[in-house]
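**Student:** Quick mapping for you: the protein sequence lines, in order, are chains A and B. Note that my numbering has the first sequence beginning at 1, numbered continuously upward. Note that my numbering has the second sequence beginning at 1001, numbered continuously upward.
Careful: at least some of the hints might be erroneous.
Selected chain A positions facing chain B (Cβ under 8 Å, derived; list incomplete) [stated by the list, open to error]:
no. : residue
1   : T120
2   : Q189
3   : L210
4   : A217
5   : P221
Hints in this document: simulated from the structure, not taken from any laboratory. Every residue gets a Cβ at the ideal spot worked out from N, C-alpha and C, and that includes glycine.
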Amino acid sequence: MRRHSQGPRRAALSELGSLLPLAMIGLLIANDHVFKFVFHNALTGKLSDVAICFIMPLLVSASLGLAARIDLRWRLWAGAVVTAIVFSALEMSDWAGGWFVRMVALVFGVKHTVLTRDPTDLLALACVPLAVAYGRWRARDARRDVDVDVGLRWPRVRGALALATGSLALMATTAPEQCGKWSAPTVFQVDGDCGTGGIIVVEADPYGALAVTNQAALLAPEPDGANLGREQRYRGTSCPYTLEQGDWDITIGDCSTPVVSPDAGAAPIDGGAPDASRLLDAGSSNTSSCQAGYRQCQATVETDGLWFTCHGADPGVALCRSRLAVLP
Amino acid sequence: MTLSRMRRNGARQSIAALRAIVTFVALGLAACDDPECPDDQFVVEENGSCASSPQRFTISATQCHVALTATADAGLPTQGAMGPSPVPLRQGGFILYTDSPSFRLCRAQRVDYRLELSCFDNDDALVCQAELTEPAF
């Protein structure tokens, strides 16, 4: 009698404890916490989504199966619907994303969760019906094992482990940190014509995004009314970051197809006075698809120290240069 | 296939799966780092040339970032960070910096029983100095 009432619940865990769901949970953990650090490309961006869309319906289904005697087909489809709604909401809704980040911070104490959104991620939802089909197939085997009561203890243990590990892995899925170690802000003395000159403090967050205090000393402010996007990133591979070694850049505005100058690769200009005509040209170029005021500035180590060099639409022509010296 | 053989096969597969999960979890944990800066907070009294009168506020370190609860009267930036070799907050070794109302950079170092802050402007000229001491209760 007892066996009869416990059977479907045992089977609920067993269908989750098979090799494919376990492999997907392993893939999710490895991708979120190892592969994204090492490779950080389009593939690692999609692997987690595929794993999530396969695991989540099975996890929800197993949880429902443990909680109540619900027909297998119903609980698998319930898992599919929950997955589709939650995954789509996190991909498309700011409110849902914010709620998820707050919940992760509350449960895990992780304060730097970043959700990366890409409409093509929704393609991973194709794995949801596959998970339903797999769940039904595995459940048939599990039910048969319940009937003969063989080999079910280990699948149940694996299922329980998968339920716990998979739930944690789903909650802890985050964008990769570029560097998890403490990278202290770097203080530079700036001399040159890109900005007013003076002292700046540059710091990078765990995702490589830069913040510059006293930015005007480094880079002249945008003209009034200009509303250009700005991207500031550390591009190096050191961890902790070595901002004094360069490999960081600031891009103002957007330039989808920069014009390649015939004299690209020419020797860099000296650090003399700014060439106002060049600046004007860069800001009003009609020959490229760059926004007016577009600038791309890079900090790179040269033979005589660290230099911050800005280019406009024409990457072969330096608009300005400033020398950066590290202050203790 | 006998019952005992089926059980043996199931147990073998389970152990392999357990090993795989433990490996993946260990790899995941390896990507986490222990906190490098001890979090701390304490009340200090400020004296010196940065504030027109003695001030009292809380200084705190959280995940290597430093914050003061000071008001504008303190004449100090309210945000900063530990240096490249973080030490406990009471040992100094941090900087405070701000853009508002104008650029200010203060370097903190431990001298005897107090923290000494030297603050500089955009031209790296010394603007003021402050001493932070823990009040005797």
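**Student:** Hints broken by the structure, by number, lowest first?
**Tutor:** 1, 3 and 5
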